[in-house]
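So the sequences go chain by chain: A and B.
Under my numbering, think of the first position of the first sequence as 1, with each following residue one higher.
Under my numbering, think of the first position of the second sequence as 1, with each following residue one higher.
For the record, the hints were derived by calculation from the structure and aren't laboratory data.
Some hints could be false.
To give a feel for the contact side, a few chain A residues facing chain B, derived at Cβ under 8 Å [unchecked claim]:
hint	residue
1	Pro16
2	Ala50
3	Trp51
The structure displayed is predicted, hence computed values, not measured ones.
Just so it is clear, CB atoms sit at the ideal spot from N, CA and C, and this is done for glycine as well.
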Amino acid sequence: MTSPVVRIDDRGKRCPQPVISLARAAKYADPGTIIVITADDPAALSDIPAWCEMKGMTLVETSDAGDGATAFRVQMP
Amino acid sequence: MDVTTGLLDAASGQPMNPAAREALMAALDAGWADPRRLYRAGRQAALLRDAARESLATALGVRPEGLHVCCSWAEALDAALRGLPAGAVAATAVEHSALLSGGDAREAAGRGELRLAAVDRRGRVDLDSWAQVLPGAVLACCQQANHEVGTCQPLGEAAERCERDGVPLLVDAGATLGHLPVAPEGHVVVAQALSWGGPAGVGLIASRQRVRGIPRGQDSDTLQSLPLLLAAARGWEWATAQRARTAARDRALTELLARRIASEVEDVVMLGDLDDRLPHLVAFSCLYIDGESIVRSLDAAGFAVSSGSSCVADTRRPSHILVAMGAVSHGNVRITLPYDVDEGDVQRFADALPGIVRSLRKEMP
Chain A
1 MTSPVVRIDD
11 RGKRCPQPVI
21 SLARAAKYAD
31 PGTIIVITAD
41 DPAALSDIPA
51 WCEMKGMTLV
61 ETSDAGDGAT
71 AFRVQMP
Chain B
1 MDVTTGLLDA
11 ASGQPMNPAA
21 REALMAALDA
31 GWADPRRLYR
41 AGRQAALLRD
51 AARESLATAL
61 GVRPEGLHVC
71 CSWAEALDAA
81 LRGLPAGAVA
91 ATAVEHSALL
101 SGGDAREAAG
111 RGELRLAAVD
121 RRGRVDLDSW
131 AQVLPGAVLA
141 CCQQANHEVG
151 TCQPLGEAAE
161 RCERDGVPLL
171 VDAGATLGHL
181 PVAPEGHVVV
191 AQALSWGGPA
201 GVGLIASRQR
211 VRGIPRGQDS
221 DTLQSLPLLL
231 AAARGWEWAT
241 AQRARTAARD
251 RALTELLARR
261 IASEVEDVVM
271 LGDLDDRLPH
281 LVAFSCLYID
291 GESIVRSLDA
301 AGFAVSSGSS
311 CVADTRRPSH
321 ILVAMGAVSH
331 GNVRITLPYD
341 VDEGDVQRFA
351 DALPGIVRSL
361 RKEMP
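Kindly produce the complete structure, drawing on both the sequences and the hints.
Here is the structure:
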């Protein structure tokens, strides 16, 4: 069975918006859900991993989404 | 309204302590002359300058000829690196940005790489990583305590490893003096008068041992203001006499603040080492709020604080210190108590913060 995937596009939004969006999505997501959030604020590069670690979420993968944006693939515990 | 009301940010500016202020005012009358002149007023200025240099040198554990006086903390760090012979410079990842940008500039000019040692979540240098960046370096740089999160570095162990590798150690005490004793470690110590309630605009490099390329001695001084130098020296004496008392008061206040913030504000992360730290500093990040909004809301409520969040910096990059620690950088607040902190302000701040954070979160999209 594949995990459900939620996608968030926060390109062009400044920190802490990507972390807020991620937290909001996580609040309603079932265990095991994958959330893919794309952001281009430089602060997201450090803030999203730090937030995931703090909240016990797994940052499965970070990949280049082009034009200075990064896609963070996060899995709910 | 008194502009110092609610001042909880002494990191890069604070009112001068009474002795520094008095010395500065007196020096406007007695220390205006060029100390290089041979007439009476010049000779008197030279005597005052020599006494001030001697007292600052003694404070930092060096002879007067080992002291270089310049115009700021950042200038001191820059000057320390600029004349070094070619070769790598080692530093912790949480050093002052002036030191790191000086190291980057050397690297860009082909003078030698800048090697950074990792830090842990509290901002304390990882000694294994430190040992790896040292071999062959022309200088190693380590703070006594960090200016953004307050964490003290294990200087004894850091110095021991430098000794083993024959690398001279620069200890950056720019955030520290006036709050912690002068550390015995370091071939060279960098300091600034501002940290002990002296005037802004006085940076010091004190060489306990000669390190090739590091400026020393009166002839290399770039500070041209005798009144500032005199205020720095007298301010130091006052701060030293008061230090045990102010440090104990500050520690009690910051412990109270940290306890109340951690328990009364939702979704907050306390930063840095909560025990081995600068006594007058508390740093934390409030999740889901931007740093600029929180600084402005606190200002409107009568509290002056600083922030390491990216939206407060011109570069839009978050603080390299918070990034190196792997800490959340948004919603960041740093409190540094001035020497004459009003204890009531600290209580009022702790009372007001939870409501301010709550209302800002409601406004976030």
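Results of checking the hints against the structure:
1. At about 4 Å, the closest approach between the beta carbon of Pro16/A and any beta carbon in chain B falls short of 8 Å, and the interface hint on this residue holds.
2. Given the 8 Å rule on beta carbons, the hint for Ala50/A holds: about 5 Å separates it from the nearest Cβ of chain B.
3. Taking 8 Å as the C-beta cut-off, the interface hint given for Trp51/A holds, the closest approach to chain B being about 6 Å.
When held up to the earlier numbered hints, the structure conflicts with none and fits them all.
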